[in-house]
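Taken in sequence, the protein lines are chains A and P.
Sequential numbering of the first sequence, starting at 266, is according to the working numbering.
Sequential numbering of the second sequence, starting at 2, is according to the working numbering.
Do not take every clue at face value.
Only pairs whose alpha carbons sit at most 25 Å apart, straight line, appear in this in silico DSS-like list of lysine-lysine [what the hints assert, rightly or not]:
1. K179/P to K224/P
2. K227/P to K209/P
3. K179/P to K102/P
4. K179/P to K361/A
5. K131/P to K358/A
6. K186/P to K125/P
7. K82/P to K216/P
8. K30/P to K361/A
9. K186/P to K209/P
10. K87/P to K102/P
11. K357/A to K82/P
12. K178/P to K102/P
13. K209/P to K131/P
14. K164/P to K216/P
15. K358/A to K39/P
16. K179/P to K82/P
17. K39/P to K357/A
Across the chosen pairs, the derived CB separations fall in these ranges [stated by the list, open to error]:
18. E420/A to F132/P: 28 to 36 Å
19. Y119/P to D300/A: 52 to 60 Å
20. K125/P to P372/A: 37 to 45 Å
21. A42/P to K357/A: 13 to 21 Å
Bear in mind the hints are in silico, worked out from the structure with no lab data behind them.
For glycine and all other residues, C-beta sits at the position ideal for the given N, C-alpha and C.
These are the residues of each chain, in order.
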Amino acid sequence: MTLLLLAVNACLINNVVLSQFLGICSFLGVSKKPDTAAGMGMALTFVLTLSSLVCGILYHVLLVPLGLEYLKTIVFILIVAALVQFVEMFLKKFAKALYDALGIYLPLITTNCAVLGVALINVQKDYSILTGTVYGFATALGYTIAIIILANIREKMVNNDVPASFRGFPIVMITAALMSIAFFGFSALK
Amino acid sequence: MTVSSILAATLMVGGVGLFVGIFLSFASKAFAVPVDEKEQAIAEVLPGANCGGCGFSGCAALAAAIAAGNAPVNSCVVGQKPVADKIAEIMGTSAGSDQRKVAFVRCVGDCERTTENYVYTGPKSCAAVKFAPTGGPKSCRFGCTGFGECVQACEFGALSIQKGIAHVDEDLCVDCKKCMAACPKGLIIEVPYHYVSHIGCVNPEKGKPVMNNCKIGCISCQKCVKTCPQQAIEMVGGFPVIDYAKCSNCGECKANCPRKCIV
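Isolated chain P (complex conformation) (with noise of 0.2 Å):
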């Protein structure tokens, strides 16, 4: 190996690239494509961290559809409304005053208010303990299983299992939906964020049965019903639904429960 070998590859290599590189950047005056301003904007602003929260394949997908007007400014779940309102300006229009959304998931009973049936060994996951007797150990077989399906899909470091069940923290939600889709019950809603009632819990049962199983699930007395002054309650599969449109926050609901449910 000689200086006159490793100069002699250097130059080669470099002339290449050299020659490549005049060529390419030919070759982008000669096939240059109108690049939409407002998208470039757009595509600024936005996270970069391509998630998919948004339902597009990633940030540049979102700022060709917000550009395009096929979707909404406040589409990007990350940014939140700082994001929105400079997507908005770019837009020309305004952010609007969207509710903020948060992940919920409606169970309460964690390992104080419910007990184990027996001793699970198998693998530690909720997908998997379905299939196990009784649907796993937990008393309540319609409730969280606590093995963090949810936890492991949020990128955010929004949910914690605490005393066996999932739990969201809202500030750090950003309403991806991720845990939604990764729950096997289904258990994780979206509702408005800082809403003082949720209902937590999902178990169709009536009386007796929930008691036994659980000192605070819902026994189904439809009493949350009666007193919700917005009727924004309704019974769906055996159990109380809110239905956020119609919820003026005003609490009633939670104050008159008789199993202290909703939370």
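One chain only, chain A, in its complex shape (with noise of 0.2 Å):
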């Protein structure tokens, strides 16, 4: 019960994007299609998945015994690391057309600083290996829900009439922050 709360909390009250601004490069880099934003919603959800569990695992069986806890941050980010590089070798061998379409967006999921932030959150705030692959797992989810929405408002953003110094990316930064202004409503749901 207390995961589900949490898992709640992480996807929606505190959504990682939308109220934690982490992961803002990708969220508002590969939105332009909802197809490859949900292709890099799952992207991120695995590699967040995963990475939240090895590096949870590595931080309680070698870290911690070994009284090296000061090492946390470059270990973590070499477990992300081979992870992205993994799903791009995943993905390229089985979803080509995704691989095309993520591009640049795809090794730089290494540098998705949702990823290695939960990574952290997971330490700083305690959570045992399972508490903090959920955790990981529902902020890929909130991730995942958010860069959905925005892809398919700018879908249909493109038909109106935007106002011509706000075309472009400045509505698109709009469009982002009154997301976020909609998700602080759910902040009501603690």
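Make the complex out of the two chains shown on their own, each in a separate frame, by following the hints.
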């Protein structure tokens, strides 16, 4: 039950993009089309879930007993980078279209601050391995929800009469800001 | 900080790195995608600067397009003929003798031939000066304003401002078309390399107003149109334009231009 609450919290109330402002780069960059946005969400879900699991295990099994907690950042980023490489190979083999659509943003998941951020939050909040993994998965789910909503809005917005000076990126920023305000409404769920 | 803690940290990070490396090398075997040999060979021949002059997002994308037959072998504007020949060899075709193209600025009204109507103190940008009264201080409102947006756009140092107007060094130009996009007046066009005649004016006005504003500007007398033995010159929007597909590079128009604005 606490896990479910944690998941809802990570997913909606403390949405990773819209209220913690992590992972904005790909959120704004890959949200032009709903299908690539969904692909990005899935790729991030995979990386984030696995990285929080592996990082959790590594932290609790190796780093803490050996007293090497101060190495967590460098070790976590190694794991994240490797997982991203793995996802890249996987997609290149089994989903070439998605691989091409994601383009440069795929390797950039490595530097997506949401991934390292979640691994470090797990340590900061003393989550166990299971809790940390659920938290990672829920965070990624929140990211996926946010990016899919933005992608759909952006697709609809193409037909709208946007004032000339707001066309392109500015209106996306404003949309993201409005979404952030809307998601603030979930804080009443607490 | 003792030696053992340094050792522990090194072993820890090294160990994780080693494990990750082994894991990835196995993964890359398991998920190997057969790479097109041609594509790889082409990618090696290309300059690798990822300038985007070909219209693709980078050299790797161009290599893939050429290997798939979606782009001509001479697509790389930077590498030009040497690269095109090598790629043609890989693809088993000939590069063909496609005419090399360069950029040309259609304005010859430099500061000795035109005058300044007033002192302009605004932003030093062609895009900004467009909004000044009469399109800037220059007496001719159609010509090059010479703030050098094109010079900044050029990554190959082929453009320079000489006597207040932009000038292309044909030998350095690789026809990447970035200056054409940068010029807010659209004065820069693509012309064949080392042709003798290019019409260096886009002023659509006739006679007197042109003469007042520029010592060399085109007065739309249409003499070049009449003298061209190939009928390659046409009046488009009030000024002559050479169709280089028809042009035989004879230089007749240049010799007969009363205003000497064909350069």
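Right, here's what the structure says about each hint:
1. K179/P to K224/P: Violated, at roughly 33 Å.
2. K227/P to K209/P: Between K227/P and K209/P the Cα gap is close to 21 Å, so the pair holds against 25 Å.
3. K179/P to K102/P: Given that 25 Å is the threshold and the Cα spacing comes to 14 Å, the pair holds.
4. K179/P to K361/A: 31 Å, violated
5. K131/P to K358/A: Outside the cut-off at roughly 52 Å; violated.
6. K186/P to K125/P: Holds. K186/P to K125/P sits at ~15 Å (cutoff 25 Å).
7. K82/P to K216/P: 40 Å, violated
8. K30/P to K361/A: Between K30/P and K361/A the Cα gap is close to 17 Å, so the pair holds against 25 Å.
9. K186/P to K209/P: Holds, at about 23 Å.
10. K87/P to K102/P: It holds: about 20 Å lies between the C-alpha atoms, which stays within 25 Å.
11. K357/A to K82/P: Violated, at about 33 Å.
12. K178/P to K102/P: 10 Å, holds
13. K209/P to K131/P: Roughly 23 Å between the alpha carbons, so the hint for K209/P and K131/P holds.
14. K164/P to K216/P: 14 Å, holds
15. K358/A to K39/P: It holds: about 19 Å lies between the C-alpha atoms, which stays within 25 Å.
16. K179/P to K82/P: Cα-Cα ~20 Å, so holds.
17. K39/P to K357/A: Holds. K39/P to K357/A sits at ~19 Å (cutoff 25 Å).
18. E420/A to F132/P: 28 to 36 Å: 35 Å, holds
19. Y119/P to D300/A: 52 to 60 Å: 56 Å, holds
20. K125/P to P372/A: 37 to 45 Å: 39 Å, holds
21. A42/P to K357/A: 13 to 21 Å: 20 Å, holds
Checked against the numbered hints listed earlier, the structure breaks hints 1, 4, 5, 7 and 11; every other hint is satisfied.
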